[in-house]
Structure formats: structure tokens, C-alpha cells
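> Chain residues, written in single-letter form:
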Amino acid sequence: MNSTLVIDAVGQPNAAHGRKTLGLVAATLAAAGFGIAIAVLVKSTTVMSLLTQAVIYAIFALGLGFLLKQNGMVSFGQAVFFGLPGYLIGLAFKFAGLPPEILIALVIAAVGVFAFALGLVVVRVPGIAFGMLTLAIGQGFYVAASKSRGVTGGADGLNINLPQHLFGLPSEVFQNPGSMFVICWLVLVLLIVALTLLLKTRFGPLTAAIRENEERARFIGFRTLLPRAAIFAISAMISAVGGALSSLYTGFISPESLHWSVSGAVLIMVVLGGSRTLWGPAIGAVVYYLFRDYLGGQTTHWMTIFGVSLIAVIVLWPSGIAGGVNRLVGRVRFASERSKA
Amino acid sequence: MMIQILNGLVYGSLLMIMASGLVLIYGLRRVVNFAHGSLYMLGAYIAYSAALYFNFWIALCAAVSILAVIGFCLDRFGFRPLQDRDPLTVMLVTFGLLLIFEDVVQSVWGKQSYSLAAPEGLQGVVNLFGTPFPVYRLLLIVVGLLVAAGLIGWLRFSRIGLFIRAASTDPVTTAMQGINTDQISGGVVAVGGALAGLAGVVSGPFLSLAPTMGSDILIDSFVVVVIGGLGSFAGAFAAAMILGQVQALGAVYLPDLAALLPFALMTAVLIWRPSGLAGSRV
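Protein chains in written order, with this note's numbering: chain A, 1 to 341; chain B, 1001 to 1282.
Since the hints were made in silico from the structure, they are not lab data. Glycine included, C-beta positions come from ideal geometry on N, C-alpha and C. Heads up, none of these hints are tricks.
Some chain A residues flagged as far from chain B (calculated, every beta-carbon gap over 12 Å):
#1 23
#2 169
#3 287
#4 329
Computed footprint of chain A on chain B; a stretch qualifies when at least three of its residues, placed anywhere within it, have a C-beta under 8 Å from a C-beta of chain A:
#5 1076-1090
#6 1095-1102
#7 1224-1230
#8 1255-1263
#9 1270-1277
Based on the provided sequences and hints, a complete structural model is requested.
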């Protein structure tokens, strides 16, 4: 089943290729337009701030989903890459003398380098132990951030003082739900497009082959460690973009963003949305947020409800929301083609 | 110094009981049980409630038997129907169970912390090397040793132990020899649950009961199992003792870094041997 997937990605005929590129551009513009339309149409600030949070988490989940999709590994410590950039940005704004835009870029790059180095160690650990290991590493960061009061402010957290202007925009733009929603949405769409294009290069089929059978990939002459560590690093950097946006939006970072329950929540989003497509985890994040907000008003037992729904989705509907949508689209297409014939 | 080493042994014993449950379940079902910490917490809270009416020992028996039943149900209605699924899938299911158990515990017992009194006759202190040391903690070390010896004896020398070892090496071939591996697994996961419950109860008078106790011990037990080499008893026992010492001595000599030492230790071991101390490939 999965070997066809690899052949598919490599050997598309040219005409179909051109049509697919056009389709991608159209989908990108439509997605961007859809986000702007939401921002224009929705008037309530409460709803907008909820949606902004949801989209920030969608970026975070996109990173974790990418790891699961291309490496087949489940990380229980992805919150490290969400919380860490917040702390780094807060400290960099305080102490470093460079322009803030460069600092943010440096922070994301630093998270990438760190994750790559960490990845060289942790991706060698077999699948199941990887989950335990990432949970423990994540908790290590949480403890470190809570205990080192001098640097991180301990459990009280750290205020991030935004400069007056950021990327040519006044910094209020980043803290107002309406405008921040549009920024986050566009970043999300661009990241999904970038990842789609990345997976169309040799890197996509190569990492899929390694995911399916690392030993055989090695037999046919590929080095497998570096691509896997690279996936881990890319996944971390995407989540770091989400973390950076979150810290700019709230102007605050605390150890809570590093806690294992955050890693757990984002994992639920990925599973709920379905990790076989890139956009699945993002949808999962939005659904999770809306669902949780609705439940928050109804009951305090949302942990049980999420636990039950997580199990139900995994057992009954393993491909998540994205899988369901894809099946539905496939059925509609099949029906329309049959009616034409 | 001596006292710190003893405290390390106490915590190490606790981790050893937890880790042996994880290793047992992993051996038979290839599942990493993320709900193991919740079972531990559930054991402690059940014993707390039972101890309000009965004495410590009855509470201990009650909690351990209830947890054994929960463990059996976990296998019968969780792991067994899902045994053909990807191990990662089942791992996520146990993570869902973790969320449910945490919520149940918080709904029933609330968010405040409790303490469980040590059993009568074991509340005093003894003089060891000129320093007073609680008798109860010595009992914990003994319990840890008994569990380790009991498990090794059971697995090495009993007929069931033989079946368990066979089934964790190759379940299909074992089943072909006419052994009911599902029944064996049910029993083994029940023992794993009971051990988690036992660890929870005996930790009650030593640590305190709080809603975070489950995830705290889960993370340390995972560190132990990963350092030891997933699926290896000997590795887990050694790693539990090392981690206990690191925690106890670190708390005194490197208080600022103590909380990070387990993770540093784990990273160091994994760079040195990616599949853990016992080194078997998983």
C-alpha cells in the first residue's frame, strides 16, 4: 500500500504535474482568502481571540503532525519546541542589541539547530521508547524552566516586552486578536504550502521510504539518520514558529507552555485531525479549541471527554477528520464521474 | 551521606516496582502503558479512602486487588482487542486512559493533597549510623527487594513464568504449542496493575498523595525503563537503583540541578548505548 505512495510521488506524468501546480496555487489563494474573510466577517472579539489561539495551535500541531507523517514517530514532548522559543525571544529582547526581526529569525534557527542535534540522538531510539524519551525530555525542560528563577522567572513566567515596531508593523497589531488572526492564518497557509513543496522534492519520497522500512532504505544505499534528524528539526522549527507567534500575541511565557499536558493536547489535535495529510492536524487544532471552549461552558470534565474521544477516534476512525474528508471527496468524485459516463 | 544513600534506595525500590510492571506489560503486549502512573495514583487514593475505615494492611490488600482487577480489564477490553494494531496506536489509547483516570481521581478526591499514615508499629525511627531513620522507609526497601526476588523467582522457576518468558519472546510460536497467550497476558497485565497499585499504596506514607503524583512517578519510571533498556528486568532494576541514588544525592549536593539530573543521565546513557543498559534491540 505504501510503496505505491512512493512511486506516485516520483513518477507523475507531466500534464498532471502542471495541473497540480495550478491547483496548489488556487488552493493557497482560496485558503488565504478564506482566513481574511473570517477576520472581516466575525465581529465578536471573544470569538476572534479564540480563533487566533486555535490557529497558533494549528501551527504547533502542523509541526508535530509533520513528524508523525514523515517519520512515523509519536513525540510526547513537542511542547519543548513551543515554549522554548518564547523564552528565547523574551530573553533576547531583553539582552541582545540586534533588531527584533533578526532576533526572532535567529531564535527559530537556534531551535532548529538544537532539535537537529537532539534528533541525532533521539531518533535512533526505537519507536515506542521514543515516546517515553520525548516525554521525559519535555518534562526536563519544564522542570528547568520552573526551577531556574534567575533566568526564566520560575513559575511566575517571563514578560516579553515587544518593541514599538515589528516587521514594519506597530506591535499592537500582534496583540490584537483580529489582526493577529490574519497574520497567524497566513503563516499557517504559507507553512503548509512550503511543506507540500518540500515533500514534492526527493526529500519527500526518501523520508517516506525510511519511515516505511529504514533497513531496506539503508540496503539500497541511503543514509537514514540525517534525513530523520532533519525531519525532527523541521518539525521542531514549525512548532517554534507557533510558539514565537504565541509569545508575541500574549506578551508572556510561563513554564505552563512546556508542561507535558500541552504536548498531550497537541497530540490529541494531531490524532483528531488525522496525520496522513499536512492540513489534518491544523483542522484538528481548530476543532479541539472550539470543542473545548464549548465544553468548558458545559462541564469541568473535559479531560474525560477528550480521553474518550481520543480513544474513540484512534480505535474507530484511525485516519481522523482529514481521512474522513478525503474519503467523502473521493466518493463525491466517483459519483460525479459515474454520472458523466 | 549514609542516610542519603538509604533514601535513594527507598525511592529506587519504588521505581523498581513501577518499572517491573511496565516491563511485564511491555514484554507480553508490546505496549508502553502511559496509564501506569494513573494506576499508581489510583492505588494510593483507594488505600487512603479504605484506611479511613480499616487499618493500613486491609487498605493495602483492597487497593492491590482492585488494581489487579482494573489491570485485567485493561488487557481484556483494551490490549487484547487491539493486539493487531500498531503499538503506537495502543500507546495513544493508554494516553487517553491517563486523561480519564486523572479526571476521575480529581473528581472523586479533589485537588488537595492527602497523606496516608504509616501502619501502626512502623511509625517510629531507628538509629542508623548515629542518625534517626524512619522504620517505614526500611520496610519500603524490603518490599522492593521482595518484589524483585519474587518476580525473578516466579519468571525463572515456575511453569507460568516459563510460559510468560516464551510468550514475550514469540507469542505466535508459544500459542502454537497450545498455550493460551491471551489468558497469560490477562494475568500478567493484572500483576502489572497490582504492582502499580502496591507502589502507590506504599508510597503514601513516604511521599504525599496529590493529583500530580501519577505523572511525576510515570516520568521517572519511563526514565528508568528507557535507561535500563526497554523490556529488560535486570536493566530496569539497575537503572531504578542508579536513578534513586542520583535523585537522593543530587538533592543534597547539587540542589539547583537535582531535578535535571535524571534527564541528563538518560541522555548520557542513550548517547553511549541507544538501546539502554541491557542493550537488547527492541
